[in-house]
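**Q** Sequence:
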Amino acid sequence: MKRLITSSLAATILMASLPVQVEAREIVRSTTKKVTIMYKHAGKVELRTIEAGEIVLIRKRGKVWTKIEYRNKFGYVATKDLTFPQTNKEKEQKLAKQGEALKKQTAVYNRVVEKGDISRLIGQEDLKYRLALAKFEGQIKTVNPGKAATKRLTTAYVNPGKRAMKRVQHELTAWQMLETAEAQVRALEYDEAEATYKRAQAELKAGKALRKKMNYPALPKKFQKKIDKRAAVIKKRFTSSTFNDLLAEGHVHWMSDFQFESITTASPYIDSNDNKQTTGFVLQQDAKRAAVMVSLHLPDNNVFNKHVVFKKMRYTLSRSQAMNDSLLEAPVTMTLRGDKQLRETTTIEPLNEPIEKEAVVADDSAIFFEFENVPKGMAVTNIVFYR
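The numbering used here applies: residue 1 is where the sequence shown begins, and numbers increase by one.
Honestly, the hints are just simulated from the structure, not real lab data.
All of these numbers come straight from a predicted model, not from anything done at the bench.
Here a beta-carbon is modelled for each residue, glycine too, at the ideal position from N, C-alpha and C.
Among the clues, some could well be false.
Stated by the list, open to error - Result set (PhoX-like, lysine-lysine): computed pairs, CA atoms no more than 20 Å apart in a straight line:
#	residue 1	residue 2
1	Lys236	Lys312
2	Lys235	Lys225
3	Lys33	Lys67
4	Lys226	Lys115
5	Lys115	Lys229
6	Lys147	Lys166
7	Lys236	Lys212
8	Lys235	Lys198
9	Lys33	Lys63
10	Lys115	Lys141
11	Lys357	Lys312
12	Lys162	Lys103
13	Lys225	Lys115
14	Lys151	Lys141
15	Lys221	Lys208
16	Lys94	Lys141
17	Lys80	Lys67
Claimed, not checked - Taking CB as the label site, the calculated pair distances span:
#	residue 1	residue 2	range
18	Lys235	Lys276	22 to 28 Å
19	Lys222	Ile55	56 to 62 Å
20	Lys80	Ala148	28 to 34 Å
21	Gly43	Pro85	22 to 28 Å
22	Lys162	Leu47	51 to 57 Å
23	Tyr216	Thr239	30 to 36 Å
24	Tyr216	Asp191	18 to 24 Å
25	Thr155	Gly43	44 to 50 Å
Given the sequences, and given the hints that come with them, work out the whole structure.
**A** This is the structure in structure tokens:
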């Protein structure tokens, strides 16, 4: 027992006599900026010259002189001649400056959302901001300022940005789907458009659920109103299309351009009953014969190879208010003809009031409005095709 105690005491004395070793985690690598002198003491007793770009181990950093280890020898070099890796605090400070720039971008993103400028978000801001946020988050991982600093930076800058985007991500996806549905409607691909519309509605529903779950702010009124309006316009087209809808989409063909003018909200038509009409077309000059053709589906070689079938249509034959002072010189004949069969013929007598009509147009790929002995000012208004 006595021998064991003596051995332990000797070992303790031996360890105490050894020089204090610096733990590996305290040793920092550095690089010389330029050719520098290594001294035995601070500025005294020159030991050797160290070339630029040499790696040294930092033992103790000082403002003027730094103790280093170079090729298994200890000495001092001027602190200004060395480059030092950033401390975690310095890393955090540098990243925080970048975070402040990102914070400003977050504010811009939120302002665009508040204004309801969805097109700008999709066309520019969303991708631009998404890339900036991903870049900053990647820099945090690359620089690695430490666990605590990473948490602070993420909380201050990354999380607000992600919340801003997630708040409207489903709506932006839905908006793009509605754009696709509009294009499908313009191409008379109604079934495909309706399927796209339903997917857009599912996205909007998911967005509403996400905001509730994550306690995100509700959508701004302008933003919500713009989406609702676009969705409503598209939904209406699944049941009916006006003449002006088909005209705007390139499905109306004037058989003689100079004879007709479309009736619009900007250029309304006042009928003989003093009612303002905003859809349809009006004759611009007297004509023995005149015709307008409306295509009701794409050609057989379209991408989906499907016909769009309208079951019926409604329209009104009208005289303008200006024509009230003069009777028609002769009856006007208007024939509604499909590409497969004659649908109906209407004779407009001199004293007729506006005549409301309804016709079956199922299976017709085109409808022709054909006039005989038609005077300037006659019009066909309220033309609506129903699916």
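**Q** Each of the hints needs a verdict: does it hold here or not?
**A** Status of each hint after checking the structure:
For the given pair, Lys236 sits about 16 Å from Lys312 by alpha-carbon distance, which is consistent with the 20 Å threshold. Only pairs whose Cα atoms come within 20 Å are accepted, and Lys235 paired with Lys225 is accepted, the gap being roughly 15 Å. Of the supplied pair hints, the one linking Lys33 and Lys67 holds, its CA atoms being roughly 16 Å apart against a limit of 20 Å. Proposed proximity of Lys226 and Lys115 is supported: the alpha carbons are some 10 Å apart, at most 20 Å.
Between the alpha carbons of Lys115 and Lys229 the distance comes to roughly 16 Å, so the proposed pair stays at or under 20 Å and holds. About 25 Å separates the Cα atoms of Lys147 and Lys166, which puts this hinted pair outside 20 Å; it is violated. Among the hinted pairs, Lys236 with Lys212 is inconsistent with the structure: their alpha-carbon atoms are about 29 Å apart, more than 20 Å. Restraint check: the Cα-Cα separation between Lys235 and Lys198 comes to about 10 Å, which is no more than 20 Å; the hinted pair holds.
About 16 Å separates the Cα atoms of Lys33 and Lys63, which keeps this hinted pair within 20 Å; it holds. For the given pair, Lys115 sits about 34 Å from Lys141 by alpha-carbon distance, which is inconsistent with the 20 Å threshold. With a C-alpha separation of about 11 Å, the suggested pair Lys357 and Lys312 falls inside the 20 Å cut-off, and the hint holds. For the proposed pair Lys162 and Lys103, the alpha carbon gap of about 11 Å is at most 20 Å, so the pair holds.
For the suggested pair Lys225 and Lys115, the alpha carbons sit about 11 Å apart, so the restraint of at most 20 Å is met. Only pairs whose Cα atoms come within 20 Å are accepted, and Lys151 paired with Lys141 is accepted, the gap being roughly 11 Å. The straight-line distance between the Cα atoms of Lys221 and Lys208 is roughly 14 Å, inside the 20 Å bound, and the hint therefore holds. A C-alpha spacing of about 14 Å is found between Lys94 and Lys141, which places the hinted pair at or below 20 Å, so the restraint holds.
This hinted pair checks out: Lys80 and Lys67 have alpha carbons roughly 13 Å apart, not beyond 20 Å. In this structure, Lys235 and Lys276 meet the distance hint of 22 to 28 Å, their C-beta atoms being roughly 26 Å apart. Roughly 59 Å separates the CB atoms of Lys222 and Ile55, a value that falls within the hinted 56 to 62 Å. Against the hinted window of 28 to 34 Å, the Cβ-Cβ separation of Lys80 and Ala148 comes to about 31 Å, which satisfies the hint.
For the hinted restraint 22 to 28 Å between Gly43 and Pro85, the CB-CB distance of approximately 25 Å keeps it satisfied. Take Lys162 and Leu47: their Cβ atoms lie about 55 Å apart, and the range 51 to 57 Å holds. Taking the beta carbon of each, Tyr216 and Thr239 are about 34 Å apart, inside 30 to 36 Å as hinted. Between Tyr216 and Asp191 the Cβ separation comes to about 35 Å, which falls outside the hinted range of 18 to 24 Å.
At roughly 46 Å, the beta carbons of Thr155 and Gly43 sit within the given window of 44 to 50 Å.
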